[in-house]
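Numbering (this note's numbering), first residue to last: 37 to 536.
Each hint should be verified, as a subset may be incorrect.
[Unchecked claim] The calculated lysine-lysine pairs, modelled on BS3-like cross-linking and capped at a C-alpha distance of 27 Å, are:
(1) Lys216 x Lys57
(2) Lys518 x Lys393
(3) Lys144 x Lys216
(4) Lys144 x Lys352
(5) Lys518 x Lys352
[To be verified] Here are the in silico distance ranges between beta carbons for each label pair:
(6) Tyr86 x Ser404: 16 to 26 Å
(7) Lys518 x Ser266: 37 to 47 Å
(8) Arg359 x Trp253: 15 to 25 Å
(9) Lys352 x Tyr239: 47 to 57 Å
Just so you know, the hints here were simulated from the structure itself, not pulled from any lab data.
Beta carbons: idealized from backbone N, C-alpha and C, even for Gly.
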Amino acid sequence: MKAEGGVIGRLDDWLNPIVVKELRQAVQGKFVSAALILLLVVQLAALGIYIVSNGDFADRFDAGRTAFMFLLGILLAVCLIFVPAYTAIRLALERDTNVDLLFVTTIKPSAIVWGKMFAALTITVMAFSACLPFMVFTYWLRGIDLPSIFILMAIAFLMVTIAVQLATFVACIQAGRVLKILLSLLVFLFFPQAFVGLLSWSYFALSHGVGSRLTTWDFWGPASTVLLISSAVIGLLFSLSVAMIKPASSNRAFPVRLFASSLWLVSGIASAAIGYFQRDSTPLSVWSILSVLVFGAAFFVGVSEREQLGPRVTRKIPDGALRLPAFFLFSGGANGVAWCALMCLMTFVVVQLLTSKSTTLSAGGSMSSSQAWTAGLALYAFAYSMAALFIRRRMLSRWIRPRLTWVVGFLLLAAGSLLPILLGYLIVFGNFRKAEDIGGWLVTNPFALGIDSYRTVYITFAGACSIIGALINADWFIEQIKAFRPHVGEPATISLELNR
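Construct all of the structure, not just a fragment, from the sequences and the given hints.
Put into C-alpha cells, the structure is as follows:
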C-alpha cells in the first residue's frame, strides 16, 4: 500500500495541472457536453436523411463514399471552428494587456501551452470517437474501404491539431484588444480555406483509392513529407507560443531560435537525402524557399524586439569565444535581424554548394530559378524590415512602440506589393495582356520574382535597398552590439525567478 501510494503520488506530481483544470471545467460545464451531443444528433440525422432519401443502394457503388464525405464535412466544420475558438478564447481571457496573471505561478510556460493543447486535443478525440461509428458504417454502403476511412480521419485530426496550435499562438500574442481581434479574424480566415481544401483533397484521394496504396512508397513518401512538415509547423508554433507568455525580461528568443535552427538543419539533411535518392532537386528547392519564407517573416519579428537587455538576460551571456554565437541566439532586435540574415545566407550557400558538387542533386529542376527566389525573398524581407525600423525610429517613435514595428513593416509590404500593380494596370490600361507588360512597375513587389525577364532587375533593386537600409540603421546595430556583454553587477543574495 505504501509503495502504491508512492507511485500514485509521483504520478500526481507529474500530471500537468493545466490539463486537470481544463478537462475538469470541460466535463463540469455544459458547453462542451452540449456541443458533443449536438454533433451526434447532426451526424445521425444527416446519415438517416441520406439513407432514406436515396432509397435502394443495390445498384450504387459510390453511396458509402458520398455519405462519408457528408459526415467528414460536418465533423471538420465543428472541429475546425469550435475547438480552436474554444481554446483560444479561454486562453485569451486568462491574460490581461497590462498585468499578466499567468506570470504569478511556478508552472513553466511550456507546461501552460502544452496543457491547453492537450486539453483541446482531448476534446477533439472525443468528437472524433463519437463520429467514428457513423463513418465506419458508410463502409457497408459500398464505395469506400476501411483503410481509406482511417487515413482520412488521421489527416483530419492532424489538420485540427495545426489549427488549435495556430489559435493558441494568436491567443498568446501580447497585443491590445483591437489588434488581437484583427489578428484573430485574419487567422480564422485560414480555417474555411483549410476546410474546403481538405474536403477537396479527401474526395480526390477516395476517387483514386488511397487505401489501396497503403503498402507502397507512393503513399508513405508523400505521407512522411506531410507528417514532417506538419510536425515542424506545430513545433515552431508551440515554441513561439511559449515565448509569447514568458516575462518580457526573460531570454524569450533563445529557445525559439535554437529550435528553428535545429529544424532547419534536420529538414535540410532530409531534403538533400530525398533529392539524392530520387535524383531530383525539387525537395532541396522547396526546402530553401520555405526556409527563407520563415526567416523572412522573422526579420519583421526581429526589428520588433527590445533594444535593451535587462540584467536577467545579460547574466546569461557567455564570455570569451561563445559570446559571438550567443549573440545570434539571444533576445534583442539586432540579434534577431543578424540571426535571420545568417540563416538566409547559410540556406543560399548550402544549396549552392550541394548542387555545384553533386550532379545528382542538380538534376530534375531549375535550381537557378529557386536560388533567385531564395536570394530575392531574403533581400526584400531585409529591405522592408529595415525601412519599417527606420520609419518607426525616426518618424513614428512618439506614437508606435518598438514591439509594433512589424505592423509598419507589413503595411509597407502590402503597399509595395499592391499599389504598383494598380498603378501599372492603370497606365497600360487597354494594352495589358500579361505580367511582363507591367513588369517594370513591380520592382517593389517581392512576389513578382517569377517574371523571368525582370528577375535580375528585381534582385538588384532589393540588394541596393538592403544596403541602404543597413546603412541608415547602422547606429541601431552598433549600439546593441556594443551593449551585448556579460552583466558585471553584483549578483543578488536572494534570487526568485519565476517561469524560467
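Evaluated hints:
| no. | hint | result |
| --- | --- | --- |
| 1 | Lys216 x Lys57 | 25 Å, holds |
| 2 | Lys518 x Lys393 | 39 Å, violated |
| 3 | Lys144 x Lys216 | 24 Å, holds |
| 4 | Lys144 x Lys352 | 19 Å, holds |
| 5 | Lys518 x Lys352 | 16 Å, holds |
| 6 | Tyr86 x Ser404: 16 to 26 Å | 53 Å, violated |
| 7 | Lys518 x Ser266: 37 to 47 Å | 42 Å, holds |
| 8 | Arg359 x Trp253: 15 to 25 Å | 47 Å, violated |
| 9 | Lys352 x Tyr239: 47 to 57 Å | 53 Å, holds |
In the structure shown, a violation is registered for the earlier hints numbered 2, 6 and 8, in ascending order.
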